[in-house]
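Colleague: In the order they appear, the protein sequences are chains Y and H.
Start counting the first sequence at 5; every next residue gets the next number (the working numbering).
Start counting the second sequence at 72; every next residue gets the next number (the working numbering).
Check the hints yourself; a few may be wrong.
Now the stretches of chain H that chain Y is said to cover, found in silico as 3 or more residues with beta-carbon under 8 Å [as the list claims (entries may be wrong)]:
#1 87–97
#2 113–124
#3 210–218
#4 243–252
Now the in silico label distances, taken between C-beta atoms and shown as ranges [to be verified]:
#5 Y/R56 <-> H/T234: 23 to 31 Å
#6 Y/V104 <-> H/G218: 47 to 55 Å
#7 H/D138 <-> Y/A102: 41 to 49 Å
#8 H/R100 <-> Y/R33: 46 to 54 Å
With a Cα cut of at most 16 Å, we get these calculated EDC-like pairs of lysine to aspartate or glutamate [said to hold, decoys possible]:
#9 H/K103 <-> Y/E49
#10 H/K236 <-> Y/E19
#11 H/K103 <-> Y/E58
#12 H/K220 <-> Y/D14
#13 H/K247 <-> Y/E58
Read the hints as simulated data drawn from the structure, not as lab findings.
The beta carbon of each residue, even a glycine, is placed where N, CA and C say it ideally should be.
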Amino acid sequence: MSCSPFDLRDYFLKELPDADQRQVEAHVRTCQGCREELERLRITEAALFALREEEIPQRIAFVSDKIFEPSGWQRWWGAFWGSAARLGFASAAMLSVAIVVYAVRPVGQGRAVPATPPVVQTLSEAQIDSRVDAAVTKAVAVVEARQQAQTQKLMADLESTRRRLLVAASEYEYYQKRTNAFRVTASNYSLPPSPAQGDGK
Amino acid sequence: MIFRAVEDADLIRQAARGKVEAYNLLVSRWEKRVYNYLLRITGNREDALDLAQDVFLKAYQNLRKLDDPARFAPWLYRIAHNEAYSMFRKRRPEADVEEIEPESTEGGITVGGSSVFPMELSLAVASALGRLTPDQREAVVLKIYQGFKFEEMAEILACPVSTIKSRLYTALELLKIELAPVKSRGVS
Chain Y
5 MSCSPFDLRD YFLKELPDAD QRQVEAHVRT CQGCREELER LRITEAALFA
55 LREEEIPQRI AFVSDKIFEP SGWQRWWGAF WGSAARLGFA SAAMLSVAIV
105 VYAVRPVGQG RAVPATPPVV QTLSEAQIDS RVDAAVTKAV AVVEARQQAQ
155 TQKLMADLES TRRRLLVAAS EYEYYQKRTN AFRVTASNYS LPPSPAQGDG
205 K
Chain H
72 MIFRAVEDAD LIRQAARGKV EAYNLLVSRW EKRVYNYLLR ITGNREDALD
122 LAQDVFLKAY QNLRKLDDPA RFAPWLYRIA HNEAYSMFRK RRPEADVEEI
172 EPESTEGGIT VGGSSVFPME LSLAVASALG RLTPDQREAV VLKIYQGFKF
222 EEMAEILACP VSTIKSRLYT ALELLKIELA PVKSRGVS
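Could you build the full structure based on these sequences and the hints that come with them?
Modeller: Structure below.
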């Protein structure tokens, strides 16, 4: 039985904390029995190391085969579900978002508004047909009204253009008549002889 | 101290992203240790090599599940331990795994009739290891030959540190009785 303050085998195998290791060292220096026990352990270890490590008879290596390799997405997905840390982080993030959303969402007068239950109606085929007809009629009426309004606008534009053309025609006729009158008046007056004609006499 | 331009953790991260070249480099760093661990708990070179290949394939397939690259070594050895014991169960399904012994003779661990460790002290060591229970032998291999801490051994073997220490210290007592006199006589 060892009288060492700590297990001599733990000391020998370097499994003690530094402070404990130093205590055993100090004890071994003064204890013949523990020194001899430690020596037997060292001899045993040295004997065990007579078995040398062997070289591996055949090197191990892998080749890349794209067919069997997972895609980047599959690797990410596999890593995500295979990692407790990533799953934990994702769960914590989702929980945080949920808490923030719950905290900042508007609440009317501090009271929760009861949700309106959805009304489930059962309609007969005739009711469905009548509703479809009504919807179609309404849609057709809207389209017709829109087309009629466009037609009226076009007619109004056309009428306005016609009137402008009539005014322009009457103005043109008026100015034509005045031009003719000027020509008639001018032909009634004879022009006086030019000075050049007088010198030639 | 060996300087490594690329740390194991970087290789693990690259391999997890599907870079086979990075994984091959990682395998080249660990294959000898894993092979020798498997050789010492199975006592058979062919089994050790087959198991080592299975171990590294399984590790590659599950590399994305390794959260902390710093825990790669115990994680890898845990796979190796499971693969070895799975093989033991397949070969002797009716036997309790605790009773399964590696192939051994009085002269030591053998492969195909020839001794794996021919020298006299090596034979004595192999013989002494062969007399341990599989659990005790594995504890010695992981601690003495592979240099794992107790916590890492507990992770590899999935049992408490107290159990690990119990197995290891019992084994050391038995080995001490058998090997210390041989070594003291200067046989090597």
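Colleague: Run every hint past the structure and note whether it holds.
Modeller: Going down the list of hints, with the structure as the test:
| no. | hint | verdict |
| --- | --- | --- |
| 1 | 87–97 | holds (count 7) |
| 2 | 113–124 | holds (count 4) |
| 3 | 210–218 | holds (count 4) |
| 4 | 243–252 | holds (count 5) |
| 5 | Y/R56 <-> H/T234: 23 to 31 Å | holds, 29 Å |
| 6 | Y/V104 <-> H/G218: 47 to 55 Å | holds, 50 Å |
| 7 | H/D138 <-> Y/A102: 41 to 49 Å | violated, 26 Å |
| 8 | H/R100 <-> Y/R33: 46 to 54 Å | violated, 40 Å |
| 9 | H/K103 <-> Y/E49 | violated, 21 Å |
| 10 | H/K236 <-> Y/E19 | holds, 11 Å |
| 11 | H/K103 <-> Y/E58 | holds, 8 Å |
| 12 | H/K220 <-> Y/D14 | holds, 11 Å |
| 13 | H/K247 <-> Y/E58 | violated, 24 Å |
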